[in-house]
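My request is simple: use the sequences and hints to build the entire structure.
Residue numbers (numbering that gives the first Met the number 0), protein chains in the order written: chain A, 0 to 184; chain B, 0 to 170.
In case anyone wonders, no lab produced these hints; they're calculated from the structure. A few of these clues could be false.
Unchecked claim - Restraint ranges, calculated between C-beta atoms of paired labels, are given here: (1) B:Leu114 to A:Phe17: 26 to 34 Å; (2) B:His96 to A:Pro104: 57 to 65 Å; (3) B:Pro37 to A:Met79: 21 to 29 Å; (4) B:Leu99 to A:Gly119: 51 to 59 Å; (5) A:Pro18 to B:Glu61: 30 to 38 Å; (6) B:Cys103 to A:Met89: 40 to 48 Å; (7) B:Arg32 to A:Arg154: 49 to 57 Å; (8) B:Glu54 to A:Pro18: 19 to 27 Å; (9) A:Lys94 to B:Pro121: 20 to 28 Å; (10) A:Gln48 to B:Leu102: 19 to 27 Å; (11) A:Gln48 to B:Leu114: 34 to 42 Å; (12) B:Glu152 to A:Ala108: 53 to 61 Å; (13) B:Ala151 to A:Lys94: 40 to 48 Å; (14) B:Leu83 to A:Lys2: 34 to 42 Å.
Stated by the list, open to error - Which chain A residues face chain B? A few, computed with CB under 8 Å, are given here: (15) Thr51; (16) Leu52; (17) Ala95; (18) Gln98; (19) Val99; (20) Ile110; (21) Leu142.
Just so you know, even glycine gets a beta-carbon here, dropped at the ideal spot from N, CA and C.
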Amino acid sequence: MLKPALISGVLLGIASAFPILNFVNCFCCAWVIGAGILAAHLYVKNSTQAVTLGSGVAVGMLTGIIGAIVYTLFLIPIQMLMKASGSGMMEQVQKAMEQVGNIPPETRALIQSIFARGSGAGILLIILEGLFCIVIFGLVGMLGGALGVALFEKRKPGQAVNPPAAIEPPNPPYEPPAPPPPSPQ
Amino acid sequence: MRRTQTGRLRILMIALCGGLCVLIVTPAFLAARSCFVPAILGYLLFSPLCHQIPERSFHICEYPLAVCQRCSGIYFGLFLGLLLPLKRLFQICSQPHLRLFVLCICTPIVLDVFLSYLGIWPGTPLSRFSTGLIFGSASALLLNFAFSEFLAEDHWKKVFTHCAQAKGVIL
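Laid out in structure tokens, this is it:
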């Protein structure tokens, strides 16, 4: 269970952190659901027994949690690089301020100064986002895992991939051919 | 004992989804009461998960919710689906046809997204919210059923063990 969750979780974290790729998550957490489905597919493929929905939920939740941790770890250096090039966290803060709309100029200046001053507030915000994403990615990952098992598992519960070989009767012992009858004289 | 555990997990998930639904509407209320900094924090929390386009979001007191209409439908659908005690009905109707069930619940939302993206279907607030609601509530039925298997197979122990192992691998 750990290997499919690690593979899918790391891919999820990287895709969610990169600037252009992370846009896909805006379509109802598509990367998270996709990672859960991928983890379930890998788990079903490598499992000798039929995988249940409960196992799918477990592998999906693990994928989401690992993905959120990797996302947070990747986001910090990416945001620092983007800040050096003039974009990054300030863009997100500006977008959030536009959502609210009529913010008084003093409050707007205060918020801008907090995020422009150093990377401390930005990193704190990323860590807070990461903790929130652990919950959301875990929940949505569970859903992805359950969907994946429902889609890819064709075996019935309790059925194995290679059923045990039928016990064949032992070969009869070798019997040498009977000697020819003596010729009449 | 297992029914008690399943009930507790279900209550935990209902509380979690209910909390998310409250978090979605809170920034709009906070902004309406001029609590701008916590409102901005609320919008920032959901920014990795949703495009938050104001024209495609519901509004409360003239301020948009933290997520769009489709995502609102999904989160509220998850909450409602977990509340309704339809696990037995799901077991009878859908469990033998699980793949068909998944295809049926994913088709409306996928069609709504792709047809809107291609410009064939303009998409309305009702279509976005209702397809999200169908997907969310039907997914909650699937999850509701999966929880009893999750607890029966002691997966929650395996998850904690694997989290500890993964932490060791990453660090």
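- Are B:Glu54 and A:Pro18 spaced within 19 to 27 Å by their CB atoms? 24 Å, holds
- Message: Range first: 49 to 57 Å. Now tell me if the beta carbons of B:Arg32 and A:Arg154 are that far apart.
- Response: Once the Cβ atoms are compared, 55 Å apart, the range 49 to 57 Å for A:Arg154 and B:Arg32 holds.
- Task: Mind checking the CB of A:Leu142 against every CB in chain B and telling me if the closest is under 8 Å?
- Result: 5 Å, holds
- Message: Does A:Thr51 hold up as a contact with chain B if the rule is Cβ-Cβ below 8 Å?
- Response: 5 Å, holds
- Query: With 8 Å as the cut and Cβ atoms as the points, is A:Gln98 at the interface with chain B?
  - Reply: With Cβ-Cβ at 5 Å, under 8 Å, it holds.
- Task: Please test the hint of 30 to 38 Å on the beta carbon pair from A:Pro18 and B:Glu61.
- Result: 31 Å, holds
- Query: Can the suggested window of 21 to 29 Å be confirmed for the beta-carbon pair B:Pro37 and A:Met79?
  - Reply: 26 Å, holds
- At the C-beta level, are B:Ala151 and A:Lys94 separated by a distance inside 40 to 48 Å? 45 Å Cβ-Cβ, so the 40 to 48 Å window holds.
- Could one say that the CB atoms of B:Leu99 and A:Gly119 fall in the range 51 to 59 Å? 52 Å, holds
- Query: Is the interface hint for A:Leu52 satisfied, with its Cβ closer than 8 Å to some Cβ of chain B?
  - Reply: 4 Å, holds
- Item | Hint check, A:Ile110 versus chain B [nearest Cβ-Cβ separation less than 8 Å] | At about 7 Å, which falls below the 8 Å cut-off, the nearest Cβ of chain B leaves the hint on A:Ile110 intact, so it holds.
- Query: Should the hint that A:Gln48 and B:Leu114 are 34 to 42 Å apart at their CB atoms be regarded as holding?
  - Reply: 40 Å, holds
When the structure is compared with the earlier hints, no violation turns up for any of them.
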